[in-house]
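Assemble the whole structure, with the sequences as input and the hints as a guide.
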Amino acid sequence: MAAVKSSGRAAVNRLAVVGVIIATLIFLAPIYWIASTAFKPRALATTVPPTVLFQPEITSFIKLFVKRVQMNKAVDPATYAAAPWWEQRIMDNGERVLRTGDNVQLSGYPSRFMNSLIIAITSTVLAVGMGTFTAYGFSRFRVKGEADLLFFILSTRMLPPIVVAIPMFLMYRAVGLTDTHIGLIILYIAFNLSFSVWLMKGFMDEIPKEYEEAALVDGYTRMQAFFKIVLPEAATGIAATAVFCFITAWNEYAFALIMTNRRAQTAPPFIPSQLGSGLPDWTVIAAGTFLFLLPVAIFTFALRGHLLRGVTFGAIRK
Amino acid sequence: MAEIVLSNVQKFFGTVQVIRDLNLTIADREFVVLLGPSGCGKTTTLRAIAGLEDITSGEIRIDGKPVQDLEASERDIAFVFQLYALYPHLTVFENIAFPLRAAGGARADVEREVNAVARALDIGHFLGKRPSALSGGDMQRVAIGRALVRRPKAILMDEPIGALDAKLREDMRTELKRLHIENKATSVYVTHDQVEAMSLADRIVVMSEGVLQQVGTPIEVYQNPANLFVAQFIGSPVMNISDAKLETEGGQAKVRLGNASEAFGVPVTLPRAIEASGRGDGGLSLGIRPEGVIVAHQPGEGLVPLEAHVIEPLGAYDIVDLKVGSGVLRARTVSGFVGKPGDTVFARLDENQTHFFDTRSGQSLGVRLGA
Ligand SMILES: Nc1ncnc2c1ncn2[C@@H]1O[C@H](COP(=O)(O)OP(=O)(O)OP(=O)(O)O)[C@@H](O)[C@H]1O
Ligand SMILES: [Mg+2]
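Respectively, the protein sequence lines represent chains A and B.
Under full-length UniProt numbering, the first sequence has 56 at position 56, and the numbering climbs by one with no breaks.
Under full-length UniProt numbering, the second sequence has 368 at position 368, and the numbering climbs by one with no breaks.
Don't read these hints as lab results, they were simulated from the structure.
Bear in mind that the values here come from a model prediction, so they are computed numbers and not experimental data.
Take the hints with a grain of salt, since some may be wrong.
What the hints assert, rightly or not - In silico EDC-like links for lysine to aspartate or glutamate, alpha-carbon gap of 20 Å or less:
id	chain 1	residue 1	chain 2	residue 2
1	A	K228	B	E74
2	A	K228	B	E94
3	A	K144	B	E53
4	A	K209	B	E71
5	B	K184	B	D63
6	A	K144	B	E159
7	B	K254	B	E275
8	B	K323	B	D350
Stated by the list, open to error - Take a look, some chain A residues computed to stay more than 12 Å from chain B by CB distance:
id	residue
9	E95
10	I207
11	P208
12	G219
Glycine included, every Cβ here is placed at the ideal spot set by N, Cα and C.
Structure follows, in C-alpha cells:
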C-alpha cells in the first residue's frame, strides 16, 4: 500500500519535473533567440527558417559600441592589415569606424547603458532606503492616522503614470529637469516608493519587536538596534523590494522617452531608436538587447538566496 | 545588583488601565515572582521596569535612582523574553556576546565572559550554531546566558519557560533556582504557573486585573491569603470557599456552610473575634483547603456525617467531593480512603487551616478558628 502510494508520488514528481522543464524552455525561447541573434553573422540573422547552427562571432557587439559608416569602396589591404582585429571585423562588413583624431568615436549605446545603470541603481537604493525607514516607522511606532497615510501612499500608484506624463513633462521643462539624471531618478523613486513602503511594511511587521527590545535592554540605542538587528533580519525583504524596484526603473520606457533625449537618455528608448537609421542590423539590436537583459538577470541571480529563503523566524516561536 | 522600588505606578493603554497604583519594593538579590492570571498586567509591569513601556504616572527607582524617564538601554537591566528573542542571524556565541559588545568590551574579555557563562549553563558545545538549530530548552538557556553575561543590576524574566514542555520546565526550574543561588542577581520573574512561583520565589507578588493583591513568601501567601482572589488562585486543588453563617446555641458556636443541614463546630471565641475584626458586614465566606478537611470513617466528637460524591484518585492522595447542602466540600484523603461514591464519612474542619473572608469585599478577616 505504502509502496503504491510512494511510487504514485514519484510519478507525480516526474510529471512535475517534465512540466517545469517544458515551461522553462518556453520562457527561455525568446531569450535564446535574442542571444543567438546577437552572436550570429549579419547574413544569418534574418534567414527563414532561422539558422540554428552557426559559427558564433562578436562582431555585433563591436558594432554596438563604436560609431561607424558604410564604405562605398573596398578597403585598401594595407589599411586592413594595419587595423586592430576588432576593426577588421567591422571592415569585413563593409563599414568603417569613425574617429576624431586618433580616438575611436563611441556609439550612443555605452553612454545610454551607463545612464540606465546610474539612474536605476540610484533610484533603487534611495527608494528602498526611504521605504525601509518609512515602513519601520509605520510598523514600530504609533503613527497618527496611520491607515490614512498608508492609503495615501498607495494611492500615488493608482493613476496610470502615463496619464501624468504631459503635465510632468511641462513641469520638468519649467524647472529644467528634462534630460537630467536627477530628473529620472526622482521620477523612478516616486514610482517605486509606495511599492517599497508597502512591501517593506509587510516584512517589518513580520520581524518580532522582541528582537529590538532585547537589543534595547542590552544597552543599544534604537538606531543601533535598527542597524544591527532589524536590517539583517529584513535582508530578505530588502532584497525582494530592491529587485522589484530595480526592474521597474531599469525597464521604464515611456517617461524615459518623453523626459530624455541625449544626455540622460536610458537604454530602453535608445535601442528601438536605432531601428530607424537605414536597413536595420538585427544582430546589433539583438546585441544591445542582450546586454540590456544582463543586469537584471545578474542582480536577481545574486540575490536569489534571499529571495528564495523567505523570512526565517529563527529563534522566536510563534 | 540592585533594589527596585515601584511607587504609585499607573499604566494606561489608551483609556484602559492596566496597572493600578502599584507599590512594590524588590530587595537587592531577591527573587520575586509576579503571579497572576492571563491579562492581569504582569508583562506590562515587567516591561515598565525594563523601560520597554512608558508608565503613565508614578515612579520607578533602581538603586534609589528614578529611572522612569531613562531609556531601556540606560537602565542596566536584562530581560529574558518568553519567546527567547535570540537573533537568528547571529551564532549562539554572538548572541551571548551581543550585550558585551554594546559596552565595547575587549575581544579577549568578551570571549572569556561568554565562555564562563556557557560553562555555567552547559551550552559550550553549541556556541557556533545558529539559534534555529537548537531545541526550545537550549534556546532558553542561551537567552538566560545572554541576560547573565553582562552582570546587570537585575534580571527580568517573562514566562521564560512557559513555552517548554512539562518535563523540561521542571528541569529548567531547578536550573533557574541553582543559577539564582550562584549568581544572586536581583530577579523579577513573571509566570501564571503557581507551582513555578512557589518553587522559585523568595517572595510572590499576586496580581489581578492590574491590582496588587498580596505580597509575601510562598508560605505566607499559601497559608494566609489576603483575600478570596489569592485564596482561590494559589493552591491546587483550589481552596473550598463557601457562604458561612455563624450560629450560637447552648454555649456552643457552629458554622453552617451554605444551606447544609449540619453545621461544623467552631471555638466559642470565634464570633467575638470576627466582630472584633471590624469586617464581615458584607457577608461571611469560609475558606478551607482540601487538606484542612479532616475525614474519618467513624462518627465522633465534633464530626459531621457527609455523603461522598465524586472521588478523584490522584496517585499520592484522593480528592473527595463531600456533599454539603447543595454545595460540595472537597477533602484530601489518603489514597482509597473512601470506598465509593455514596459512602458516608465523618468530617471536621482543621481550625488552623480555616479562613474567613468578607464576601462583598473579598478581604480576609484575619481571624483563625484556632486563635
Ligand atoms: N500595547 C498594548 N496596547 C493595548 N493594550 C495592551 C497592550 N499590551 C497589553 N495590553 C493589555 O493590557 C493588559 C495586560 O497585559 P499584560 O500583557 O501585561 O498581561 P499579562 O499578565 O502578562 O498576561 P499573560 O499572562 O497573558 O502574558 C491586557 O488586557 C492586554 O490586553
Ligand atoms: Mg505576559
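Checked hints:
no. : hint             : result
1   : A:K228 to B:E74  : holds, 18 Å
2   : A:K228 to B:E94  : holds, 12 Å
3   : A:K144 to B:E53  : holds, 19 Å
4   : A:K209 to B:E71  : holds, 16 Å
5   : B:K184 to B:D63  : holds, 16 Å
6   : A:K144 to B:E159 : violated, 32 Å
7   : B:K254 to B:E275 : holds, 15 Å
8   : B:K323 to B:D350 : holds, 18 Å
9   : E95              : holds, 55 Å
10  : I207             : violated, 10 Å
11  : P208             : violated, 7 Å
12  : G219             : violated, 4 Å
Hints 6, 10, 11, 12 from the list above are not met by this structure, while the remaining hints are.
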